[in-house]
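Q: Assemble the whole structure, with the sequences as input and the hints as a guide.
Counted the way mature numbering (1 follows the signal peptide of the UniProt record, and there is no 0) counts, the sequence shown spans residues -26 to -1, 1 to 261.
Source of the hints: derived by calculation from the structure; they are not laboratory data. Bear in mind the structure is a predicted one, so any value in this text is a computation, not a measurement. Heads up, none of these hints are tricks.
Here are the computed lysine-lysine pairs in the DSS-like style, where the Cα-Cα straight-line distance is at most 25 angstroms:
#: 1; residue 1: 245; residue 2: 63
#: 2; residue 1: 26; residue 2: 63
#: 3; residue 1: 26; residue 2: 57
#: 4; residue 1: 245; residue 2: 203
#: 5; residue 1: 239; residue 2: 57
#: 6; residue 1: 113; residue 2: 203
#: 7; residue 1: 223; residue 2: 182
#: 8; residue 1: 128; residue 2: 92
#: 9; residue 1: 239; residue 2: 63
#: 10; residue 1: 182; residue 2: 92
#: 11; residue 1: 113; residue 2: 57
#: 12; residue 1: 113; residue 2: 26
#: 13; residue 1: 239; residue 2: 113
#: 14; residue 1: 80; residue 2: 92
#: 15; residue 1: 239; residue 2: 26
#: 16; residue 1: 113; residue 2: 245
#: 17; residue 1: 128; residue 2: 182
#: 18; residue 1: 128; residue 2: 80
#: 19; residue 1: 203; residue 2: 239
#: 20; residue 1: 26; residue 2: 245
#: 21; residue 1: 57; residue 2: 245
#: 22; residue 1: 63; residue 2: 113
#: 23; residue 1: 223; residue 2: 128
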Amino acid sequence: MKQIGKRLLSVSAVALAVSAAPQLSAATWSDTYIGYRYGTQFTEPNNPNDIKKHVLQLTHASGYAYGQNFFNVDLLQSDGNDKANGSDKGATEAYLTYRHQLHLGKVFDTDLSFGPVKEVALTAGFDLNTKNTTFAPRKRMLVAGPTLKFDVPKGFVDLSLFYAYEQNHCGLPGCGAPGNKNDISFDPYYVIGLAWGLPFQAGPVPMKFQGFANYNTEKGNDYFNNGTKPEVLSRSSLMVDVGQLAFNKSNTLWAGVGYEYWDNKFGNHGKPGVDTRAPTFQLEWHF
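A: Below, the structure written as structure tokens:
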């Protein structure tokens, strides 16, 4: 399995190198925004307390002749129920996600649509994170796999099957395999991912329903040689185009509510804080 993981690293690196090369044509569309969300019922594994978090977000999505790019970075600030290492203050986390889609129908100049699917893509990308807790996670994950792009009247719906390879770090005493300075390489695993963004009108009110949902299969043993379990993470939000209503400027200022649903966080199970049910308040400023 580890050799398969290494091959995944190579395949993903090639796909990402292709996406980083100069595009054959200029961007056909792009959307960039700064977001903010806030909730009071977040959780962390082995922590029985609800945690308040402020999350500042920078997101960019763009398309070109043969595919599209997605970039997101979250800066998460916890309250004192999720402490930074050696401090009574809340911890700070940064989480970065990048995905590139290569639209195969456009690349090969052929119609790959079938049924409700309008296009088939090859997606590759990575996740990176760091957090200043005693645990000190440093996630490094590569993903690659096919994506089905559904034909919807407005917006998008994408369904992906990724093969994932993840490395991470644990700063607690006694965790991690011997001799690797508390680092661990999990078994490769699969991710079934659904992502959507659906604008609509509720009478005179312009709105959108957006989000993602991931199902991750188990990934072998954790830092303490305990078996992991499948993980489910979903974040969704219902947003109102406040800019259009108040200033007649569409897709500038959005406000709404969201919900984070997380089971077996990071593959953990049978301990406090591994399941999250967190309503959120959200803002977006597009520019």
